[in-house]
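Colleague: Same order as they appear, the protein sequences are chains Y and P.
Our numbering applies: residue 1 is where the first sequence begins, and numbers increase by one.
Our numbering applies: residue 101 is where the second sequence begins, and numbers increase by one.
What the hints contain is simulated information worked out from the structure, not anything from laboratory work.
Take these hints with a grain of salt, some might be off.
[What the hints assert, rightly or not] The list that follows gives simulated cross-link-like pairs (lysine to any residue, SDA-like), each with its CA atoms no further than 25 Å apart:
id, chain 1, residue 1, chain 2, residue 2
1, P, Lys365, P, Thr149
2, P, Lys185, Y, Thr9
3, P, Lys212, Y, Ile47
4, P, Lys158, Y, Ala88
5, P, Lys257, Y, Ile33
6, P, Lys261, Y, Gln32
7, P, Lys212, Y, Ala88
8, P, Lys257, Y, Ala13
9, P, Lys212, Y, Ala31
10, P, Lys280, Y, Asp29
11, P, Lys212, Y, Ala13
12, P, Lys210, Y, Arg51
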Amino acid sequence: MVETSAVPTRNPASSSRTIDGQAVIAVSDMAQIHILNDVGTRVWNLIDGTRTVAQITDLVRAQLTEEGYEGVSSGVAADVESFFEALAAKGMVNLGETSN
Amino acid sequence: MAITSYQEFVNRAFVESRPLSAQWELTFKCNHLCGFCYNAPNGQREMATEEIKRGLEKIADFGILYLTMTGGEPMVRPDFFEIAKYARHLGFALRLYTNGYLIDDERARKLKEIHIFEVEISIHGAKAETHDQLTGIRGSFDKVISALENLQKYRIKTNLKCPVTHLNQQELWGIWDIAKKFETSISYDPVITPRDDGDKSPLGMAATKDFLVKFFSDEYKELRYGRDVAKRDDSVVRANCGTGRTSFTVDPYGNIFPCVQWRRKWANIKEVESLAELWKESEVLKHVRWAAEQIPQTTLKETEAGAFCTFCPGVAELQTGSPFKMYPQAEVVSEARLAAYNAKAPSERPAAGGIECTGV
Numbered sequence: 001m002v003e004t005s006a007v008p009t010r011n012p013a014s015s016s017r018t019i020d021g022q023a024v025i026a027v028s029d030m031a032q033i034h035i036l037n038d039v040g041t042r043v044w045n046l047i048d049g050t051r052t053v054a055q056i057t058d059l060v061r062a063q064l065t066e067e068g069y070e071g072v073s074s075g076v077a078a079d080v081e082s083f084f085e086a087l088a089a090k091g092m093v094n095l096g097e098t099s100n
Numbered sequence: 101m102a103i104t105s106y107q108e109f110v111n112r113a114f115v116e117s118r119p120l121s122a123q124w125e126l127t128f129k130c131n132h133l134c135g136f137c138y139n140a141p142n143g144q145r146e147m148a149t150e151e152i153k154r155g156l157e158k159i160a161d162f163g164i165l166y167l168t169m170t171g172g173e174p175m176v177r178p179d180f181f182e183i184a185k186y187a188r189h190l191g192f193a194l195r196l197y198t199n200g201y202l203i204d205d206e207r208a209r210k211l212k213e214i215h216i217f218e219v220e221i222s223i224h225g226a227k228a229e230t231h232d233q234l235t236g237i238r239g240s241f242d243k244v245i246s247a248l249e250n251l252q253k254y255r256i257k258t259n260l261k262c263p264v265t266h267l268n269q270q271e272l273w274g275i276w277d278i279a280k281k282f283e284t285s286i287s288y289d290p291v292i293t294p295r296d297d298g299d300k301s302p303l304g305m306a307a308t309k310d311f312l313v314k315f316f317s318d319e320y321k322e323l324r325y326g327r328d329v330a331k332r333d334d335s336v337v338r339a340n341c342g343t344g345r346t347s348f349t350v351d352p353y354g355n356i357f358p359c360v361q362w363r364r365k366w367a368n369i370k371e372v373e374s375l376a377e378l379w380k381e382s383e384v385l386k387h388v389r390w391a392a393e394q395i396p397q398t399t400l401k402e403t404e405a406g407a408f409c410t411f412c413p414g415v416a417e418l419q420t421g422s423p424f425k426m427y428p429q430a431e432v433v434s435e436a437r438l439a440a441y442n443a444k445a446p447s448e449r450p451a452a453g454g455i456e457c458t459g460v
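So here's chain P without its partners, still in its complex pose:
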């Protein structure tokens, strides 16, 4: 009657294309003005409370355990807690992706009451002027710190997420100190992506290549929780990433995509009868799974740096028109990883590791 390995379970779900999680973008409205945001609202009517509840019922019936509420900024919806409570009633383990601006003491207490599984907050600088410059909102840094204090008070598991840009690349250690102070984990994301409508203007915010080489070196190893840069290991799951396999994304209009990045619609939650049936039969999903299996054998074999690449077919398609074509950010980051790997003596180089974007 043992309690068995979670990682083994996730690997099996990945191989068998069995979804465990869903992301729901409750709204594209946001109280921040981040220049690197990938959201691209198209003016359609966003789903109403009852429509979302019916959609959540379908997702629960499909057997999804983890539900991530994201946006935009999901907490700007006046019905946010009504939706969150209903999701808990349906048995989801709830995650919340937020900028933290609205998490005062009262809202932190409510999050605790509904037993939120974890909260992820975006942080863009160790100094108020940097964070506020990147969010476009004066005072937003102070709100993040206040949110962290409130979440810590109610002992809610919190993760910080930092998109690395050329404006904050010198503050990553300071952000690390903030994470330590509030006992949160932190992940740094060095890849800035285009907007979902193809607008490439966010790419101008990307970190410099020289910095990325340094970021993947031993100098920054602590910020990677001691992880060395390793070659990809595609021997177990044999696919580039978890797109269309272990999770999916619902946008504020109800459209369902294989993942947050690859915006190929395969259903609409308002219209679909059986998610389980369509998950098996959808030609879109069959194609993205097939593409994800081809990428390690094709695109990533074309250069030496490909072995270090966290390639995203969704970004590739958005930016180049093909899910198989290498795009500049992936190239720059993988070359930086390769440089860090080659800087180590052969005896010190780590064994190949797993893939990073499993979607769970």
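Chain Y with its partners taken away, still in its complex shape:
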């Protein structure tokens, strides 16, 4: 379970570029390469070591709403949280810190 107050940080061993709207992420500690889809890429690019999971969720929701995606509000929070769980499980982010 991801705390919405957690401040995710990227694994310092990761390198990434956004190419054609998809984040390509190489993680040297794991010797792994991952490609994220559009929304996953938005989340990845919002991880700056200061924003909380809740703030990132709000920003993604706002971006999607502004771009005219309908019916996104209800599902975004659960999707973002489960996505962070997946990123953490793959060693791509650290969810250790929480913001008060």
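For this one, chain Y is given, so just place chain P on it according to the hints.
Modeller: Quick look at chain P alone, frame taken from chain Y:
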């Protein structure tokens, strides 16, 4: 919000000529004297630290993810770690091609600190006398083993690369055992190429044809990670290789080429304003992409062995004057592959596979 297929992504980049990686030859200086080396220094001044940093910024702005630092021997540059750290600061996933001679405990620790993505080390024999004979440096084999110990200690992903020559062709299993001992992968490269200035003397080091036939047979299948020799599959990407598509190479003087083998200059990193614009507009790049698309339909259709050929238009041009003309090493290797393929019962022959030189 899925994490999607990397191979699909690479294939799309290939088809759309979208570069993902760059090789930078930081120097042509080297602490080895390999007789089969393809480098051909021309005496120009190599780029200084700050010039390289400005060049790296341009490549990062272009969206390149993987940066391979190579040479010569890149670690002989006193500013090697300054450059490597700056490259990491710019967000590159860093690869290092090295002979391993300088990777002591301290340098391995520094490589770990900068989160190097992977290190590739050349190995030329399972015995010290063979390796040292091929590098021309006594003690170089012991240095490779020491480098492997240090990289393993810091859990850095390492690959071994073995150019197969007639001097080490009987030691490939011993080299395999070294790779297993240090938990690295290994690739054997049976193609020796001329020097970049056209000097063909390295070709005298090539493995024998009889050995190559054996190398591609089932006897050596384990050393190919179980892969059978298959016909080329040009149906997806429809080009001979990734030259001018998915990567490019920068030499120590800043010249930029479509790939490490095809030395047709299309820019200089010190002078170019926008890599993105030139990547689209360069007549040199347009030509090499066009040539790479023609080769499977022309050169490789001329003989039965062409279906098994890892043809390199850069080597072809260097050696014959034409990027379309078959050259002896490609012919010998493809005939060896064909012989191995034909030795199998038709029911056991594998389906066509991908191409090997994608450049990523």
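Colleague: Hint by hint, note whether the structure agrees.
Modeller: Evaluated hints:
1. P:Lys365 to P:Thr149: It holds: about 22 Å lies between the C-alpha atoms, which stays within 25 Å.
2. P:Lys185 to Y:Thr9: This hinted pair holds, its Cα atoms lying about 20 Å apart.
3. P:Lys212 to Y:Ile47: At roughly 24 Å apart (the allowed maximum being 25 Å), isoleucine 47 of chain Y and lysine 212 of chain P satisfy the hint.
4. P:Lys158 to Y:Ala88: This hinted pair is violated, its Cα atoms lying about 32 Å apart.
5. P:Lys257 to Y:Ile33: Satisfied, since the Cα-Cα distance of roughly 13 Å is no more than 25 Å.
6. P:Lys261 to Y:Gln32: holds, 20 Å
7. P:Lys212 to Y:Ala88: With a Cα-Cα distance of about 21 Å, the restraint between lysine 212 of chain P and alanine 88 of chain Y holds, given a limit of 25 Å.
8. P:Lys257 to Y:Ala13: Since the Cα atoms of lysine 257 of chain P and alanine 13 of chain Y sit roughly 13 Å apart, the hinted pair holds (cutoff 25 Å).
9. P:Lys212 to Y:Ala31: Status holds; Cα separation ~13 Å.
10. P:Lys280 to Y:Asp29: The given pair, whose Cα atoms are some 20 Å apart, holds under the 25 Å limit.
11. P:Lys212 to Y:Ala13: holds, 9 Å
12. P:Lys210 to Y:Arg51: violated, 30 Å
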